[in-house]
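Novice: Protein chains in written order, with our numbering: chain Z, 1 to 255; chain P, 1 to 255; chain V, 1 to 255.
None of these hints come from the bench; they were simulated from the model. Every value quoted in this text rests on a predicted model; they were computed, and no experiment measured them. Each statement offered as a hint is correct.
Note that the list lumps identical chains together, so a pair holds whenever it fits in one copy or between two copies.
Dumping the calculated SDA-like pairs for lysine to any residue here, alpha-carbon to alpha-carbon at most 20 Å:
(1) Lys196 - Pro146
(2) Lys196 - Ser147
(3) Lys196 - His184
(4) Lys196 - Ser246
(5) Lys196 - Leu209
(6) Lys196 - His186
(7) Lys196 - Tyr250
(8) Lys196 - Arg253
(9) Lys196 - Ala210
(10) Lys196 - Asn211
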Amino acid sequence: MSGQNISSQAIIGERVRVGDAVRIYPWVEIGDDTVIEDYSILGHPTAYDRGRTVIGPGSTIRSHAVIYRDVETGPNFQTGHHTLVREGTRAGIDLRVGSYSDIEGDCVIGDYCRLHGYVHVGRGSRIGHFVWIFSSTTLLNDPLPPSHIASPVTIEDGVVVCVSCLVMPGTVLRRGVFITAGSHAHGEVPAGGVVKGTRGEVISHVSLLANLESQICHPWMRHFADAYPENARGRIEELLASILDSRSAYRRRSR
Amino acid sequence: MSGQNISSQAIIGERVRVGDAVRIYPWVEIGDDTVIEDYSILGHPTAYDRGRTVIGPGSTIRSHAVIYRDVETGPNFQTGHHTLVREGTRAGIDLRVGSYSDIEGDCVIGDYCRLHGYVHVGRGSRIGHFVWIFSSTTLLNDPLPPSHIASPVTIEDGVVVCVSCLVMPGTVLRRGVFITAGSHAHGEVPAGGVVKGTRGEVISHVSLLANLESQICHPWMRHFADAYPENARGRIEELLASILDSRSAYRRRSR
Amino acid sequence: MSGQNISSQAIIGERVRVGDAVRIYPWVEIGDDTVIEDYSILGHPTAYDRGRTVIGPGSTIRSHAVIYRDVETGPNFQTGHHTLVREGTRAGIDLRVGSYSDIEGDCVIGDYCRLHGYVHVGRGSRIGHFVWIFSSTTLLNDPLPPSHIASPVTIEDGVVVCVSCLVMPGTVLRRGVFITAGSHAHGEVPAGGVVKGTRGEVISHVSLLANLESQICHPWMRHFADAYPENARGRIEELLASILDSRSAYRRRSR
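Pulled out of the complex, with its shape left as it was, chain Z reads as follows (with noise of 0.2 Å):
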């Protein structure tokens, strides 16, 4: 290894494998058997000096990323390449962000949330626990750009966002909703919501999503065991219980 630049002052911890010219800031903290690979940079610095950069135990930060100062994450916390997040967000257990994302900042993410790549998150926005964010969707927060007024979304527990969508500023996703690719949200989707086109229309509840091949049936939670761990299958139970739940408003609303 060479050409390695990492702070003696960083706190770096067993089994941690650093790659190629890497940069590691004295504000940072690593936990163990964690994976830096080459050309990436942690604890980049802010424009005004803010708090430390604690990746949890087991990470892994591919090649070409840089994390900000003043960033948080739980275990197992895993990046593409050339992944992007910025000061001030918060981040649970498992958090995966895929390749070119970029977490703009003061964003606080839940457990178990995958995000794939191109994945654009604006600052401020608030995801919750168990969320999918598929590759090139934008979460906004500026509703009258460029404006002071900020605006970030919010996304509850088990919210699924196809690939290409946009999720307007102020949006409020309730647990368990599904945006289909290419779409766009808006306003408050109710629990369990389907919304489908550019006008953010609830066409259906969650549950009645089927696959016509597989007839594999949403939601996803039920099919999809090891994307986690066994010791998050209570949670996933409650939180599948709690958005069957939200079926019979959906039935409601719409006769």
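Chain Z is already provided as a structure; the job is to place chains P and V on it using the hints.
Specialist: Chains P and V only, in chain Z's frame:
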């Protein structure tokens, strides 16, 4: 600092800070008080020999950026991380280009423009002053791809293009135009026009836009003074007056 | 050159130029006359051991690129900057993949294909010869995300997919199909079909497309000879004839 690869022929101003593993080619000239972050390349060679790369004073080139040969920027140029600027581009004062954005080459960009992240500016685009382009927007240039017909976009002063828009080849956005998120613009959009939807329909005039909660009205220049230095105030007032003037033409058209 | 990290077990051809701070793993084989630019990684390890990474002669891997283990490309492979190619992908002659593009893995790509920037190719996609995919287009593969149902896209020879399209899971684009900018394609699109809009409607045949100003008609292969070497001419003529043939089937359908 280690692993630097800076040509002794490059002209480096006073108080320039250069990061780790940066490559600077011989034909590069960097103004005073500029910061070049880690893993960046300045003056990347082109297929055929071209001119010098000149970065204005007070600039910040963030990590993993690639600036080609034959690029000239004014003072206070700022890039995000992983930003790409291709050969032949000329930019004015205070240009900011966000992370993962790609300015394809031979573009002309005026003063005080701000391009956010994932913005893709097609080769040969012409962009005026005080222009904002939000993330994931693409300026196209090929009307029947793949062809050899170059039909780049022209964007006049004070235009705002929101998130995830397509500005189709040959589009002309007159001064003060506002393109809402997820829209497609084409043809000539008259001054102050508000475009919404994938058909590129002009639905309003920018002076009539307002945020319902805050009662703040566009044009944004009136309430966004802190984005610009004091000495740009005169030019902003002139531009604002000119955009407001265009409202009467809009009214005549819509009758 | 400094900071290189090149395995002595890697097989490096004649006249290969390797940039600064490049990592090359032991299972990599690089053809003659290839250029590997700064801050790139060749043969990035995979979760499970896989095969060799073979880069054909005459290739250019631009800066900040990451090519995984078990990738094989033909001669004259070219990447943009920050390009990502995951494990298991096989590519033919003269593949070009633009900056920030991500080929997810286990893809098969034919000869003379060109993918522009920010193109996201889902795992398992099948792409024929002489295919163009323009920037920010996504080929999806999961019909009910997140699921374990893999339903990748098939794209036949001579297809053109313009900027910012979604090619939905399981889509089959027959030879010569043309997808206009911002459209969504799904199902099976017959040979030579022109798709426009987010409903994926086939609105015309590619031989009827023309640029109004220049009177240049598609198929583009007739007027784009310089994009391909002399010895590909025969294959192009054959493909062109086959696409023009499909026009009669289109006419019958549209009556």
